[in-house]
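Asks: Single-letter residue listing:
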Amino acid sequence: MLRFAGKRALAALLVLFAISVLVFLIFFATPGADPAARIAGRNASQETLQQVRESFGLDKPIYVQYLVMMRHLFVSRDLTSFVNRGSEVLPQVWAAIPVTLSLVIGAAVLWLVLGITMGVIATAARGTAIDPIIMIVGVIGISLPVYWLGEVVNLITQSRLHDSVFSWVPPLGYVPLSDGVGPWALRLFWPWVTLAVLYAGIYARVLRSEMVGAMNEDYIRMARAKGIGEWRVLLRHALRTSLIVIVSLFGLDFGALVGGAALLTEVVFGLQGIGKLTYDSLTNFDLPVILACVLYAAFFVVVANFIVDLVYAWLDPRVRHV
Amino acid sequence: MASLAVLILVVLACLAAPLYAANVAHTDAFASNVNGTYTLNGVTKPVLEASTEGLGLGVNPIGPTWNITTFFLGADNQGRDVFARMLYGGRNSLFIGFVSAVICCVLAGIVGVVAGYFGKGVDAVLSRAMDVLWAFPVLLLAICLSVVLINTTITVGPITLTSSSLLLPILIIGIIYVPYVARPIRGQVMSLREREFVQAAVGAGAADFRLLRRELLPNVLPTLIVFLPLMTAINMLTESALSFLSIGVQPPDASWGTIINDGVGLLYTRPMVAIAPGIMLAITAVALNLLGDGVRDALDPKARLRGSI
Amino acid sequence: MSEPLLDVRGLSVSFRTRSGLVTAVDGISFQVGPGEVVGLVGESGSGKSVSMLSVLRLIDNPNCVVGGEVVFQGQNLLELDDASLRRIRGQEIAMVFQDPMTALTPVYTAGWHISEQIRAHEKVSQRAAMDRAVQLLESVGIPNAADRVNSYPHEFSGGMRQRVVIAMALSCNPSLLIADEPTTALDVTIQAQILELLRALQKEFGSSIVLITHDMGVVSQMSDRVLVMYGGRLVEAGPRRDVMRDPLHPYTWGLMGSIPPTDGTRATRLSAIPGAPISPADTDRDRCLFAPRCRFATDSCRPEPALVAHKPDHSDACVLPFGERPALRLQAISPLGVRA
Chain A
1 MLRFAGKRAL
11 AALLVLFAIS
21 VLVFLIFFAT
31 PGADPAARIA
41 GRNASQETLQ
51 QVRESFGLDK
61 PIYVQYLVMM
71 RHLFVSRDLT
81 SFVNRGSEVL
91 PQVWAAIPVT
101 LSLVIGAAVL
111 WLVLGITMGV
121 IATAARGTAI
131 DPIIMIVGVI
141 GISLPVYWLG
151 EVVNLITQSR
161 LHDSVFSWVP
171 PLGYVPLSDG
181 VGPWALRLFW
191 PWVTLAVLYA
201 GIYARVLRSE
211 MVGAMNEDYI
221 RMARAKGIGE
231 WRVLLRHALR
241 TSLIVIVSLF
251 GLDFGALVGG
261 AALLTEVVFG
271 LQGIGKLTYD
281 SLTNFDLPVI
291 LACVLYAAFF
301 VVVANFIVDL
311 VYAWLDPRVR
321 HV
Chain B
1001 MASLAVLILV
1011 VLACLAAPLY
1021 AANVAHTDAF
1031 ASNVNGTYTL
1041 NGVTKPVLEA
1051 STEGLGLGVN
1061 PIGPTWNITT
1071 FFLGADNQGR
1081 DVFARMLYGG
1091 RNSLFIGFVS
1101 AVICCVLAGI
1111 VGVVAGYFGK
1121 GVDAVLSRAM
1131 DVLWAFPVLL
1141 LAICLSVVLI
1151 NTTITVGPIT
1161 LTSSSLLLPI
1171 LIIGIIYVPY
1181 VARPIRGQVM
1191 SLREREFVQA
1201 AVGAGAADFR
1211 LLRRELLPNV
1221 LPTLIVFLPL
1231 MTAINMLTES
1241 ALSFLSIGVQ
1251 PPDASWGTII
1261 NDGVGLLYTR
1271 PMVAIAPGIM
1281 LAITAVALNL
1291 LGDGVRDALD
1301 PKARLRGSI
Chain C
2001 MSEPLLDVRG
2011 LSVSFRTRSG
2021 LVTAVDGISF
2031 QVGPGEVVGL
2041 VGESGSGKSV
2051 SMLSVLRLID
2061 NPNCVVGGEV
2071 VFQGQNLLEL
2081 DDASLRRIRG
2091 QEIAMVFQDP
2101 MTALTPVYTA
2111 GWHISEQIRA
2121 HEKVSQRAAM
2131 DRAVQLLESV
2141 GIPNAADRVN
2151 SYPHEFSGGM
2161 RQRVVIAMAL
2171 SCNPSLLIAD
2181 EPTTALDVTI
2191 QAQILELLRA
2201 LQKEFGSSIV
2211 LITHDMGVVS
2221 QMSDRVLVMY
2231 GGRLVEAGPR
2241 RDVMRDPLHP
2251 YTWGLMGSIP
2261 PTDGTRATRL
2271 SAIPGAPISP
2281 ADTDRDRCLF
2291 APRCRFATDS
2301 CRPEPALVAH
2311 KPDHSDACVL
2321 PFGERPALRL
2331 QAISPLGVRA
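So the sequence lines, in the order shown, correspond to chains A, B and C. Under this note's numbering, the residues of the first sequence are numbered 1 to 322, in order. Under this note's numbering, the residues of the second sequence are numbered 1001 to 1309, in order. Under this note's numbering, the residues of the third sequence are numbered 2001 to 2340, in order.
Some hints could be false.
[Unchecked claim] With a cut-off of at most 25 Å between alpha-carbon atoms, the simulated SDA-like pairs for lysine to any residue come out as follows:
1. Lys2123/C - Leu235/A
2. Lys7/A - Ser1127/B
3. Lys2203/C - Glu2304/C
4. Lys7/A - Leu1171/B
5. Lys7/A - Leu1216/B
6. Lys1120/B - Arg232/A
7. Lys1120/B - Ala11/A
8. Lys7/A - Gly1063/B
9. Lys2123/C - Arg232/A
10. Lys1120/B - Pro98/A
11. Lys1120/B - Leu10/A
12. Lys2311/C - Asp2224/C
13. Lys1120/B - Gln65/A
14. Lys1120/B - Arg8/A
15. Lys2311/C - Ala2276/C
16. Lys1120/B - Leu235/A
17. Lys1120/B - Arg318/A
18. Lys1120/B - Leu16/A
[Unchecked claim] Footprint (simulated), chain A over chain B, 3 or more residues, beta carbon under 8 Å:
19. 1136-1148
20. 1182-1190
Hints were generated in silico from the structure; no laboratory data involved. Heads up, the beta-carbon is just placed ideally off N, CA and C, and yes, glycines get one too.
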């Protein structure tokens, strides 16, 4: 198992490296505009452009530029924004990370619990009316644009029903965990629910489909022949083997979540996470900030995938020897 | 199938946008109409009416009239007819979603087949490239590309892409999802390659290209066809997200995403501007997903795809 | 025979399909005595597996209709409540399936599987169950049992995995073991080992075995009695020696004839039973189901012939005159002189 983890860690590092190269190429090497102009933002003065060129080594060969960029990001950590007159990028990113983590991990836990529970119930109740209902909920879940759903939630909780049913909903924004679990969770409640609703449906569907397939396998029949009760067969045998698919699906989705849905949710609910930071810098075309955000988000995703790989191997012993 | 009917309805409605705008609602969906008026039941009133909220100082666009002849869903803050605009926006959303899905499936088909069939070195290179591309969170990648390309004009040979071209979102979205489709295709080709009929053909001395066309393609095609509605739905949602973030479809063009974006400012007063396009998106995506399910069941009930499953 | 361990009376299994009721098992009756090995022989589709699966009610199909009685330890298993049925499964009647590759949930170790079975029926600690698992693995001939108990199913070879399954099946000392084609998915050399193992264990534990197979060779090695099924019906039943030496039913002649002889004249062509096995969807059941393929069929093969004991304890379902059977059997040999 250790060797497996080691190999996976190496693969993760390589992927990070490749992503950094890709991001770099996108920002520095796409044809059409002068990279200096991009970084310096709109309407930059000539001297700003010159500063940019020096700071990023834009007159040097491309791989040197890459190394310079990496140095700014990780070694000297002095990446500054030119649009916002020299404000340092990295502290902003650093402050935004806990927000995104809170949002993403909380939502993930919620959707996994919800999705798995619904999936197990749908399997146990297969053939009855509950089955198609859960399927429909799942399809609707993945068809709703997440930002739109967030706005609708806001509409209801902040405006329309704010004075009656939802008076306990605080105004939009984030409160750090250090200020107390209550306020922290309260402000994250609706963002969590919005994200969870989206994903819980698919997970229920996928799990149900996997489990129903598993229930037709020989080893389920064998388990029954051993005299084991039906619930234990369902949970210990069918669910356990089906979780493997869920885990790998989760790996894919977590990446999409961090990079996408989480970003949109942060924007809609006013949470100052990496997604919101990216969005704000989008409207300004503040390239250094975007660059840093994208790289840190990608870093998240790669780490998450690495953890998912480990969990996968723990769940499915057949994979460990690969 | 109900989903197909719904889909056709939506598509037709959106295609008919110009007809509706010109003949039914008599409105221009794109020009600013701040001082415009509308007529209902013989009474003519301004489109942006005095606000009754707060101190009564600002102006609000009117809400839905629920009258199909004029301002069915109300006006936005530029005085434009939301319903007409939504129909126009739908054309772009559907167009971008569908064309990028086609591009994605075609490219993924090529990549998947080549990687799966030739294996070894070719596969290694292609698979690593796909992995890297996919490891990049999808929306972030789209954001990066859009940000960089949106304000520039690219000239590649005879093709010139201006920043307002619809081709840009189409290409970007089409490309970023290629790994998603290519991976199952590659897996399928690899297992097909081991099957007897392929080995028999190889043994009979069939040339590579002939093999690809005759044996592999007919088996891979149904998978791609199943992916098409699925990817259209996913791409539509992605495009709308990008447009919502103002880096997708650029004004003066509209898409459902841009209209929702417009509607955010009016959310608490005139929610319909933001809600209606979202509902249209949801309905279309549900119909596409169900269609994909149906097509998959018809073509290959054993296939297991992610997405709508 | 003394009080039978398992008494199957008129067992029938049908499936409701879109095209009507499909009969898989058509009212079979037989008994299994304590410590007896019964071989249930037939082609694919003869209903042999389905019949034994329905004894333990393991068919998970809502469209399955089971009729008749299966009496075990004085109770009709087909009408037993779920809790009592669970008690019998694994503890009194155990099953071994055909494909060892898919019989064990891949994410748990061999020891876990065995201890799960033990702990489902007996109040023992995890530790005690694991110790017993190790002993059981040893008794089925798995080397290094103490280590192997922590191995996963995919880490065993086919034959070893089947041994694990057998160990698991015998872990609670069942009085009846149902083995559904236990060697079909294994290499020929391993087959002999597994059969040998089953025989040794049967002698040691004293359990009865119902051995389902399509292979006459397997039957001849192990069984005390032989039941031949065709089209969901029993066509011949009797002690092994009698059935193997003097088979009475034309179908059994065909089965015997298709075994390549290992001595005597070398076969230049193997005889096969002409035609195809009856499809369960065929609804014309009021006749001998083998008649379409039987060269001795006459009009008296309709209606369905009853199972008649022409000799004590050796019965068959054929209307051909009993005295003429040996002569007719010789005729059934192909003209190329293959020994039947």
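Asks: Take the hints in turn and mark each one as holding or not.
Replies: Hint by hint, here is what the structure shows:
For the given pair, Lys2123/C sits about 21 Å from Leu235/A by alpha-carbon distance, which is consistent with the 25 Å threshold. As the CA atoms of Lys7/A and Ser1127/B are separated by approximately 17 Å, the hinted pair is consistent with the 25 Å bound. Taking the CA atoms of Lys2203/C and Glu2304/C, the gap is about 39 Å. The hint is violated against a cut of 25 Å. Straight-line distance between C-alpha atoms of Lys7/A and Leu1171/B comes to about 35 Å, which puts the hinted pair past the 25 Å bound.
The straight-line distance between the Cα atoms of Lys7/A and Leu1216/B is roughly 34 Å, outside the 25 Å bound, and the hint therefore fails. Of the pairs offered as hints, the one joining Lys1120/B and Arg232/A is violated, with about 44 Å between alpha carbons and a cut-off of 25 Å exceeded. A threshold of 25 Å between alpha carbons decides the hint, and for Lys1120/B with Ala11/A the separation of about 19 Å falls inside it, so the pair holds. Under the criterion of a C-alpha separation no larger than 25 Å, the hint pairing Lys7/A with Gly1063/B is inconsistent with the structure, at around 60 Å.
Pair hint Lys2123/C plus Arg232/A holds up; C-alpha atoms about 17 Å apart against a cutoff of 25 Å. Distance hint between Lys1120/B and Pro98/A is unfulfilled; the C-alpha atoms sit about 43 Å from each other, more than 25 Å. Note on Lys1120/B and Leu10/A: the hinted pairing holds, with a Cα-Cα distance of about 21 Å set against a maximum of 25 Å. Distance hint between Lys2311/C and Asp2224/C is fulfilled; the C-alpha atoms sit about 17 Å from each other, no more than 25 Å.
Annotation: proposed proximity of Lys1120/B to Gln65/A is violated, straight-line Cα distance about 33 Å (limit 25 Å). At most 25 Å may separate the alpha-carbon atoms for a hinted pair to count; Lys1120/B and Arg8/A meet this at roughly 21 Å. For the hint linking Lys2311/C to Ala2276/C, the alpha-carbon distance of about 30 Å lies beyond 25 Å, and the restraint is violated. Between the alpha carbons of Lys1120/B and Leu235/A the distance comes to roughly 40 Å, so the proposed pair goes past 25 Å and is violated.
The suggested pairing of Lys1120/B with Arg318/A holds, with an alpha-carbon distance near 24 Å, which does not exceed 25 Å. Between Lys1120/B and Leu16/A the alpha-carbon distance is near 24 Å, which keeps this suggested pair within the 25 Å criterion. Only when three residues or more bring their CB closer than 8 Å to a CB of chain A does the claim for the region 1136-1148 of chain B stand; here the count is 11, and the claim holds. With 0 residues having a Cβ less than 8 Å from any Cβ of chain A, the region 1182-1190 of chain B misses the three-residue criterion, and the hint is violated.
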